[in-house]
Amino acid sequence: MTNQTAERSIANPEIWPDNKEFWAAMQTGKLLVKHCRACGESHWYPRPLCPFCMSADTDWRESAGTGTIYTFSVNRRVGPVPYVIAYVTLDEGVTMLTNIVDCDFDKIRIGDRVRMVPKPSENGTMVPMFTPAA
Amino acid sequence: MSIKNQACIVGAYEHPTRKAPDKTVAQLHAECARGALEDAGLSLKDVDGYFCAGDAPGLGVLSMVDYMGLRPRHVDSTEMGGSSYIAHVSHAAQAIMAGKCNVALITLAGRPRSEASSGTQPRNFGPNVPESPFETPFGPVTINLYAVVAQRHMYEFGTTPEQLAWIKVAASHQAQHNPNAMLREVVTVEEVVNSPMIADPLHKLDCCVVSDGGGALIVARPEIARSLKRPIVNVLGAGEAPKGLNGGKLDLSYSGAVWAGQRAFAEAGIKPADIQYVSIYDSFTITVLMQIEDLGFCKKGEGGKFVADGNLISGVGKLPFNTDGGGLCNNHPANRGGITKVIEAVRQLRGEAHPAVQVKNCTLALAQGTGGRLGALHGSATLIMERI
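Here the protein sequences line up with chains S and U, keeping their order. With this note's numbering applied, the first sequence corresponds to residues -6 to 127, in that order. With this note's numbering applied, the second sequence corresponds to residues 11 to 398, in that order.
A portion of the hints provided could be inaccurate.
Calculated lysine-lysine pairs in the DSBU-like style (CA-CA distance at most 30 Å, straight line) [claimed, not checked]:
no.: 1; chain 1: U; residue 1: Lys315; chain 2: U; residue 2: Lys259
no.: 2; chain 1: U; residue 1: Lys29; chain 2: U; residue 2: Lys214
no.: 3; chain 1: U; residue 1: Lys310; chain 2: U; residue 2: Lys259
no.: 4; chain 1: S; residue 1: Lys100; chain 2: U; residue 2: Lys214
no.: 5; chain 1: S; residue 1: Lys100; chain 2: U; residue 2: Lys310
no.: 6; chain 1: S; residue 1: Lys13; chain 2: U; residue 2: Lys259
no.: 7; chain 1: U; residue 1: Lys214; chain 2: U; residue 2: Lys239
no.: 8; chain 1: U; residue 1: Lys310; chain 2: S; residue 2: Lys23
no.: 9; chain 1: U; residue 1: Lys110; chain 2: U; residue 2: Lys239
no.: 10; chain 1: U; residue 1: Lys370; chain 2: U; residue 2: Lys328
no.: 11; chain 1: U; residue 1: Lys259; chain 2: U; residue 2: Lys239
no.: 12; chain 1: U; residue 1: Lys328; chain 2: S; residue 2: Lys100
no.: 13; chain 1: S; residue 1: Lys100; chain 2: U; residue 2: Lys259
no.: 14; chain 1: U; residue 1: Lys214; chain 2: U; residue 2: Lys315
Everything labelled a hint here was simulated from the structure, so no lab data went into it.
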């Protein structure tokens, strides 16, 4: 069994004019995804101009916070403590970089269902990580 | 309009150092430039085009041009990580064709070994990186953004750690003949899969070396190439392609080499089966596997079977690769291997590779690069060369 043996220090996300709404929502436990009203596509990572049609008519939508592991890697000798980097495909269709936490790392598999858990970075900003849904 | 037959690689030089604590990065660039000019039989005053990328210190082109005393009338600092220098050859050919220069110098150098910089450390790409707020909290480093591709490949296609290990084994077979290589001992599949796990499923021996050093290339107009005393290496075709996160519609089953390779083969007018030698960027074993599939040397998903059983070993297998030992065993200067890929391809085409690994009558070769992070943003560059 491999688990996180100590708290991993989580680097602070940079909070900018184009993403401050996202981080503010995270403080209340909500995961937002950018959606384009012009072409109907959601995208990740969030930006003011849609990367599929360049429309500026984009808005934030709340994600259900559930998804599936697309791929992952247990980092055994990368940092001071083991951690799991992963791409999770949200049920809304976008795939995001994240960490899988609070579980036995050796049991993680591609295709596993996961749910979002906010975790604090060094300055207390909550960042979206995921844990097995079951 | 095509760069086919419009330019030749007339000079190639790989710095022999693998650890250079007593040299500056700028000095290494200059030593590489001098080596390539000597190899070509040209001098500093002949250079009228200069190309460098992110490893060039200071103000890049401006610092290096001034440091080396160049007087270029054309400069280009296209930055696509380790694949940059392969794209530079193509851009130099384009500049020559457009009459912007006659003799282009490309340099790469760095000291990651002396500066203790490796693929398990966070890389600082500076401020205002758009994807950074949604990446840095999660601890992305070079190796784990390649490991996620390997993990997905294993899931989708049943690729095994042993198959990936064969890529390192093949590189080690070539490296034993290279006196400058960092790792000259032949390794076995068992030794690779039993080496420490760094980031699942990549072991220590799935990784390239960390080395100081550098390299340089000289690209010139065909008339100039014909006036020199070296075998002529002609640029036949090239392609380049950045690939990224695609707005969250991520597909890690292929790399930018799918696009870059297709463009290069179309321009050269040849097929993968015509290629006699390949230099394939080998930051990690998975990097090689992906590019071999994406360039069309085998079908998507069959790379594991293709690379197994010594198929990449010169004189043994069907696709001799990285006969200098590659990044996996020889050299990965500046943590960027693109230039060494072209250099070994030039050696092969000139018949100047080590006799133990020289491909007989090698007339068509390909150099392929992947720079950046295969599982996130990366650049892909393909170059096809011919000896005439």
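The hints, checked one at a time:
no.	hint	verdict
1	U/Lys315 / U/Lys259	holds (29 Å)
2	U/Lys29 / U/Lys214	holds (20 Å)
3	U/Lys310 / U/Lys259	holds (20 Å)
4	S/Lys100 / U/Lys214	holds (22 Å)
5	S/Lys100 / U/Lys310	holds (28 Å)
6	S/Lys13 / U/Lys259	holds (23 Å)
7	U/Lys214 / U/Lys239	violated (43 Å)
8	U/Lys310 / S/Lys23	violated (39 Å)
9	U/Lys110 / U/Lys239	holds (24 Å)
10	U/Lys370 / U/Lys328	holds (13 Å)
11	U/Lys259 / U/Lys239	violated (52 Å)
12	U/Lys328 / S/Lys100	violated (39 Å)
13	S/Lys100 / U/Lys259	holds (26 Å)
14	U/Lys214 / U/Lys315	holds (22 Å)
Going down the numbered hints, you'll see the structure goes against 7, 8, 11 and 12, while the others check out.
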